[in-house]
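S.K.: Sequence:
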Amino acid sequence: MNIALWIAAGLLAAAFLFAGAFKAAQPPDKLVATGLGWVEDWPAWSVKAIGIVEVLGAIGLVLPALVDILPILVPLAATGLAITMVGAIVVHARRKENQSLPANLLLLALSVFVAWGRFGPHAF
Numbered sequence: 069m070n071i072a073l074w075i076a077a078g079l080l081a082a083a084f085l086f087a088g089a090f091k092a093a094q095p096p097d098k099l100v101a102t103g104l105g106w107v108e109d110w111p112a113w114s115v116k117a118i119g120i121v122e123v124l125g126a127i128g129l130v131l132p133a134l135v136d137i138l139p140i141l142v143p144l145a146a147t148g149l150a151i152t153m154v155g156a157i158v159v160h161a162r163r164k165e166n167q168s169l170p171a172n173l174l175l176l177a178l179s180v181f182v183a184w185g186r187f188g189p190h191a192f
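The opening position of the sequence shown corresponds to residue 69 in the numbering used here, with each subsequent residue numbered one higher.
To be clear, the hints were calculated from the coordinates, so they are not data collected in a lab. No residue lacks a Cβ here, since even glycine has one placed at the ideal position from N, Cα and C. Treat the hints loosely; a few may be bogus.
Claimed, not checked - Mimicking DSSO-like on lysine-lysine, the simulated pairs with C-alpha atoms at most 30 angstroms apart in a straight line are:
1) K116 x K164
2) K98 x K164
3) K98 x K116
Stated by the list, open to error - Just the calculated beta-carbon pair ranges, DEER-fashion:
4) A112 x A161: 16 to 26 angstroms
5) D109 x P170: 15 to 25 angstroms
6) P189 x V154: 21 to 31 angstroms
7) E108 x N70: 34 to 44 angstroms
8) I137 x N166: 40 to 50 angstroms
9) R162 x M69: 35 to 45 angstroms
10) A72 x S114: 28 to 38 angstroms
11) Q167 x N70: 30 to 40 angstroms
12) F90 x I157: 12 to 22 angstroms
13) W113 x A82: 18 to 28 angstroms
14) W184 x K98: 32 to 42 angstroms
15) A101 x A171: 12 to 22 angstroms
Model the full structure from these sequences, guided by the hints.
M.R.: Written out as structure tokens, the structure reads:
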């Protein structure tokens with residue numbers, strides 16, 4: 069189970085690092101042009117903040133466990149990213165962007181799995 073949790077955390081970290089860095093670094097018009105239509109409904113600072121939160125969450129999924137400093141941050145990061153995905157699901161559902169929902173649900177499920185495993189039976 070430990071290996072499955074590491075794989076899930078690694079996949080989550082890669083996905084959120086990429087997505088978060090993209091949101092934090094690109095201007096809103098470029099984000100809209102690449103298919104992130106929801107950006108039009110939000111101020112630019114909040115989109116960048118979401119990107120930064122995703123990058124920090126990605127780092128929190130793996131770094132504390134790797135360096136064995138405050139490993140409790142791993143399940144906390146997973147929980148935070150799960151909450152972020154619930155928000156993303158709500159936004160996409162309201163905008164009827166149904167093509168985004170499967171990826172959001174997968175990321176939510178993986179985040180919940182890591183949080184459950186690292187808070188519970190397979191904590192560091």
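S.K.: Could you run down the list of hints and mark each one as holding or not?
M.R.: Taking the hints in turn, this is what the structure says about them:
no.: 1; hint: K116 x K164; verdict: holds (23 angstroms)
no.: 2; hint: K98 x K164; verdict: holds (21 angstroms)
no.: 3; hint: K98 x K116; verdict: holds (13 angstroms)
no.: 4; hint: A112 x A161: 16 to 26 angstroms; verdict: holds (23 angstroms)
no.: 5; hint: D109 x P170: 15 to 25 angstroms; verdict: holds (21 angstroms)
no.: 6; hint: P189 x V154: 21 to 31 angstroms; verdict: holds (24 angstroms)
no.: 7; hint: E108 x N70: 34 to 44 angstroms; verdict: holds (42 angstroms)
no.: 8; hint: I137 x N166: 40 to 50 angstroms; verdict: holds (41 angstroms)
no.: 9; hint: R162 x M69: 35 to 45 angstroms; verdict: holds (36 angstroms)
no.: 10; hint: A72 x S114: 28 to 38 angstroms; verdict: holds (34 angstroms)
no.: 11; hint: Q167 x N70: 30 to 40 angstroms; verdict: holds (34 angstroms)
no.: 12; hint: F90 x I157: 12 to 22 angstroms; verdict: holds (19 angstroms)
no.: 13; hint: W113 x A82: 18 to 28 angstroms; verdict: holds (26 angstroms)
no.: 14; hint: W184 x K98: 32 to 42 angstroms; verdict: holds (36 angstroms)
no.: 15; hint: A101 x A171: 12 to 22 angstroms; verdict: holds (19 angstroms)
When the structure is compared with the earlier hints, no violation turns up for any of them.
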